[in-house]
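S.K.: Protein chains in written order, with my numbering: chain G, 1 to 138; chain Y, 139 to 525.
Source of the hints: derived by calculation from the structure; they are not laboratory data.
One thing to keep in mind: the hints can contain errors.
Said to hold, decoys possible - Below, simulated SDA-like cross-link-like pairs (lysine to any residue); rule was C-alpha separation at most 25 Å, straight line:
#: 1; chain 1: Y; residue 1: Lys235; chain 2: Y; residue 2: Glu217
#: 2; chain 1: G; residue 1: Lys19; chain 2: Y; residue 2: Thr511
#: 3; chain 1: Y; residue 1: Lys435; chain 2: G; residue 2: Thr93
#: 4; chain 1: Y; residue 1: Lys384; chain 2: G; residue 2: Lys76
#: 5; chain 1: G; residue 1: Lys65; chain 2: Y; residue 2: Lys384
#: 6; chain 1: G; residue 1: Lys76; chain 2: Y; residue 2: Ser181
#: 7; chain 1: Y; residue 1: Lys209; chain 2: Y; residue 2: Leu363
#: 8; chain 1: Y; residue 1: Lys384; chain 2: G; residue 2: Trp59
#: 9; chain 1: Y; residue 1: Lys384; chain 2: G; residue 2: Asp95
#: 10; chain 1: Y; residue 1: Lys435; chain 2: G; residue 2: His80
#: 11; chain 1: G; residue 1: Lys29; chain 2: Y; residue 2: Glu217
#: 12; chain 1: Y; residue 1: Lys453; chain 2: Y; residue 2: Pro319
#: 13; chain 1: G; residue 1: Lys29; chain 2: G; residue 2: Thr67
#: 14; chain 1: Y; residue 1: Lys161; chain 2: Y; residue 2: Ala176
#: 15; chain 1: G; residue 1: Lys76; chain 2: Y; residue 2: Thr295
#: 16; chain 1: G; residue 1: Lys76; chain 2: Y; residue 2: Glu297
#: 17; chain 1: G; residue 1: Lys76; chain 2: Y; residue 2: Thr511
#: 18; chain 1: Y; residue 1: Lys453; chain 2: Y; residue 2: Ala491
#: 19; chain 1: G; residue 1: Lys76; chain 2: Y; residue 2: Ser330
#: 20; chain 1: Y; residue 1: Lys384; chain 2: G; residue 2: Glu128
#: 21; chain 1: G; residue 1: Lys19; chain 2: Y; residue 2: Glu266
#: 22; chain 1: G; residue 1: Lys76; chain 2: Y; residue 2: Glu325
#: 23; chain 1: Y; residue 1: Lys384; chain 2: G; residue 2: Ile31
#: 24; chain 1: G; residue 1: Lys124; chain 2: Y; residue 2: Asp267
#: 25; chain 1: Y; residue 1: Lys235; chain 2: Y; residue 2: His212
#: 26; chain 1: Y; residue 1: Lys235; chain 2: Y; residue 2: Ser181
#: 27; chain 1: Y; residue 1: Lys408; chain 2: Y; residue 2: Leu363
Said to hold, decoys possible - Not the full set, but computed from the structure, chain G residues with beta-carbon under 10 Å of chain Y:
#: 28; residue: Asn9
#: 29; residue: Gly39
#: 30; residue: Cys49
#: 31; residue: Thr67
#: 32; residue: Tyr69
#: 33; residue: Phe71
#: 34; residue: Leu89
#: 35; residue: Phe91
#: 36; residue: Pro98
#: 37; residue: Met100
#: 38; residue: Leu101
#: 39; residue: Phe122
#: 40; residue: Leu131
Treat the numbers as computed from the prediction; the structure is a model and nothing was measured.
We put the beta carbon where it would ideally sit given N, CA and C, even for glycine.
Below are the chains, spelled out letter by letter.
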Amino acid sequence: MTESAVLPNPAPSIDPETKPYWDATLEGKLIIRRCNACGENHWYPRTMCPFCGSVETEWLETAGKGTIYTFAITRKGLGHYGGVGPYVLAFVTLDEGPTMLTNIVECDVDALQIGDRVEVVFHKTEAEAALPRFRPVA
Amino acid sequence: MSIRGAAFIAGAYEHPQRVIPDKSLGQVHAEVAAGALADAGLSFSDVDAYYCAGDAPGLGGISMADYMGLKLRHIDSTETGGSSYIAHIGHAAAAIKAGKASVALITLAGLPRQMSGNLVMEGGGAPEDAFEGPFGPTVHGLYALAARRHMYEFGTTSEQLAEIKVAASIHAQYNPNAMLPKPVTVEDVVNSPMVSDPLHRLDCCVVTDGGGALIVVSPEIARDLDRSVVKVLGHGEAPKHTNGGKVDVTFTGARWSGPAAFAEAGVTPKDIDYASIYDSFTITVLETIEDLGFCEKGKGGEFVLDGALQAPFGKLPFNTDGGGLANNHPANRGGMTKVLEAVRQLRDEAHPAVQVPNTQIALAHGTGGSLPTRMGAATVILGREDA
Chain G
1 MTESAVLPNP APSIDPETKP YWDATLEGKL IIRRCNACGE NHWYPRTMCP FCGSVETEWL
61 ETAGKGTIYT FAITRKGLGH YGGVGPYVLA FVTLDEGPTM LTNIVECDVD ALQIGDRVEV
121 VFHKTEAEAA LPRFRPVA
Chain Y
139 MSIRGAAFIA GAYEHPQRVI PDKSLGQVHA EVAAGALADA GLSFSDVDAY YCAGDAPGLG
199 GISMADYMGL KLRHIDSTET GGSSYIAHIG HAAAAIKAGK ASVALITLAG LPRQMSGNLV
259 MEGGGAPEDA FEGPFGPTVH GLYALAARRH MYEFGTTSEQ LAEIKVAASI HAQYNPNAML
319 PKPVTVEDVV NSPMVSDPLH RLDCCVVTDG GGALIVVSPE IARDLDRSVV KVLGHGEAPK
379 HTNGGKVDVT FTGARWSGPA AFAEAGVTPK DIDYASIYDS FTITVLETIE DLGFCEKGKG
439 GEFVLDGALQ APFGKLPFNT DGGGLANNHP ANRGGMTKVL EAVRQLRDEA HPAVQVPNTQ
499 IALAHGTGGS LPTRMGAATV ILGREDA
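Given these sequences and hints, build the entire structure.
M.R.: The structure is reproduced here in structure tokens:
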């Protein structure tokens with residue numbers, strides 16, 4: 001058993017387009033963008049739908065649950081993560097469709113498997129934003 | 139309109155050093171430019187087009203044009219990471235065909251061992267940065283995401299990936315400038331420290347200072363040169379990105395750039411005698427081999443067994459200079475060195491131990507950025523002068 005490291009919480013850059021997303025993280029909500037023209041959900045959130053080009057998009061609150069699509073166990077990080085490890089970088093596919101880059105936390109890194117069910121947790125940063133990470137569903 | 143036969147590579151030069159503590163970045167760009175021009179039998183005053191990417195200091199290519207005293211009528215600073223220089227060949231050939239250039243200089247140089255390298259992708263103002271950078275995405279961590287999913291879907295093993303490093307290292311022993319000239323075994327690779335599980339330290343490329351340059355010329359110029367030249371037969375390029383969150387890390391942009399290059403060249407994977415394949419990590423090679431059509435998707439792990447990649451007699455001799463995995467990856471960008479070794483093979487100037495006999499057609503493929511998120515891909519197919 002190898003417990004995942006405690007992670008730093010680097011502040012994301014926030015702009016007018018993404019401020020509602022980061023505001024939602026402070027309320028413990030993971031929201032994504034949905035297109036009313038073609039019906040697709042996308043990630044990362046943006047005003048224009050990358051599938052059909054429409055700007056008829058709106059925020060959609062997710063259930064905050066998903067499945068591990070793939071993951072890496074980085075032994076020692078760089079930059080903000082300098083010296084931190086082991087930690088898990090992962091793509092998680094949300095139940096609502098899109099796949100997002102994140103971390104898996106509160107886990108035994110030796111036991112993780114592709115396909116594991118995970119749920120979102122939020123880690124507050126110094127900015128007006130929290131980082132959506134995921135932990136295994138008990 | 140096709141670029142087939144519209145341009146020739148007449149000069150090629152690789153900086154011999156792998157650690158350069160005593161020179162400036164502009165100086166190394168100029169050194170490799172001078173080396174490639176001398177190889178072609180041309181001079182700086184002959185250059186009328188210049189191509190460079192994000193590794194060049196200053197504003198696009200203008201600062202380096204100033205440094206080198208170039209008088210230009212065409213300039214292109216297409217930046218697609220390590221694949222840029224292969225894209226530049228296609229762009230130069232198109233410009234030559236259109237009559238907008240006749241002698242194109244392409245340079246790459248970097249001093250990552252002297253400066254802090256870009257080995258962590260925390261962003262530089264891109265719209266995705268806030269959604270990726272805070273999660274600690276190192277370059278090796280990102281490529282490990284691709285490796286693990288490929289293993290999961292297709293049963294690829296660490297030992298199969300290690301075969302790629304083994305072949306590169308066997309080639310590197312013949313390269314006196316290689317950063318890692320000692321052959322390694324599959325056991326050496328899988329027993330090396332884990333960097334980002336499932337990638338080990340020896341699954342990764344080297345970090346080197348240095349650079350390289352190419353001279354691409356019109357058929358008229360090529361005819362008047364004494365040096366043997368290499369014909370540009372076809373080129374393709376394609377970015378791949380996260381597709382709005384419909385992520386698939388088991389393939390690369392080579393799935394699109396490869397067929398475009400083959401079609402333009404009028405050849406198929408079976409016609410390729412030698413291949414330079416971008417090797418930032420072993421998994422980069424494995425997925426690219428599949429995507430270029432050398433084997434079926436998912437069969438790359440089987441394909442690389444039994445010395446398949448080893449020159450001169452493997453079924454697909456690759457990276458005979460030792461590649462990025464063992465020789466050189468200047469500026470953390472391997473596209474230039476991929477072309478340089480393909481040119482050596484087509485001129486019969488590779489080391490005799492790894493020269494593929496009677497190489498008629500060679501391929502060079504570049505990857506840039508990060509395979510599982512946003513990557514550049516560029517493929518060029520080259521032939522002998524009379525191909």
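S.K.: Next step is simple, just say for each hint if it's right about the structure.
M.R.: Right, here's what the structure says about each hint:
no.: 1; hint: Y:Lys235 <-> Y:Glu217; verdict: 22 Å, holds
no.: 2; hint: G:Lys19 <-> Y:Thr511; verdict: 23 Å, holds
no.: 3; hint: Y:Lys435 <-> G:Thr93; verdict: 23 Å, holds
no.: 4; hint: Y:Lys384 <-> G:Lys76; verdict: 29 Å, violated
no.: 5; hint: G:Lys65 <-> Y:Lys384; verdict: 17 Å, holds
no.: 6; hint: G:Lys76 <-> Y:Ser181; verdict: 47 Å, violated
no.: 7; hint: Y:Lys209 <-> Y:Leu363; verdict: 21 Å, holds
no.: 8; hint: Y:Lys384 <-> G:Trp59; verdict: 18 Å, holds
no.: 9; hint: Y:Lys384 <-> G:Asp95; verdict: 13 Å, holds
no.: 10; hint: Y:Lys435 <-> G:His80; verdict: 36 Å, violated
no.: 11; hint: G:Lys29 <-> Y:Glu217; verdict: 37 Å, violated
no.: 12; hint: Y:Lys453 <-> Y:Pro319; verdict: 23 Å, holds
no.: 13; hint: G:Lys29 <-> G:Thr67; verdict: 18 Å, holds
no.: 14; hint: Y:Lys161 <-> Y:Ala176; verdict: 21 Å, holds
no.: 15; hint: G:Lys76 <-> Y:Thr295; verdict: 23 Å, holds
no.: 16; hint: G:Lys76 <-> Y:Glu297; verdict: 23 Å, holds
no.: 17; hint: G:Lys76 <-> Y:Thr511; verdict: 21 Å, holds
no.: 18; hint: Y:Lys453 <-> Y:Ala491; verdict: 16 Å, holds
no.: 19; hint: G:Lys76 <-> Y:Ser330; verdict: 15 Å, holds
no.: 20; hint: Y:Lys384 <-> G:Glu128; verdict: 28 Å, violated
no.: 21; hint: G:Lys19 <-> Y:Glu266; verdict: 14 Å, holds
no.: 22; hint: G:Lys76 <-> Y:Glu325; verdict: 23 Å, holds
no.: 23; hint: Y:Lys384 <-> G:Ile31; verdict: 17 Å, holds
no.: 24; hint: G:Lys124 <-> Y:Asp267; verdict: 17 Å, holds
no.: 25; hint: Y:Lys235 <-> Y:His212; verdict: 13 Å, holds
no.: 26; hint: Y:Lys235 <-> Y:Ser181; verdict: 22 Å, holds
no.: 27; hint: Y:Lys408 <-> Y:Leu363; verdict: 31 Å, violated
no.: 28; hint: Asn9; verdict: 7 Å, holds
no.: 29; hint: Gly39; verdict: 13 Å, violated
no.: 30; hint: Cys49; verdict: 8 Å, holds
no.: 31; hint: Thr67; verdict: 12 Å, violated
no.: 32; hint: Tyr69; verdict: 7 Å, holds
no.: 33; hint: Phe71; verdict: 6 Å, holds
no.: 34; hint: Leu89; verdict: 5 Å, holds
no.: 35; hint: Phe91; verdict: 6 Å, holds
no.: 36; hint: Pro98; verdict: 3 Å, holds
no.: 37; hint: Met100; verdict: 7 Å, holds
no.: 38; hint: Leu101; verdict: 5 Å, holds
no.: 39; hint: Phe122; verdict: 12 Å, violated
no.: 40; hint: Leu131; verdict: 5 Å, holds
Of the numbered hints stated above, those contradicted by the structure are hints 4, 6, 10, 11, 20, 27, 29, 31, 39, listed in ascending order.
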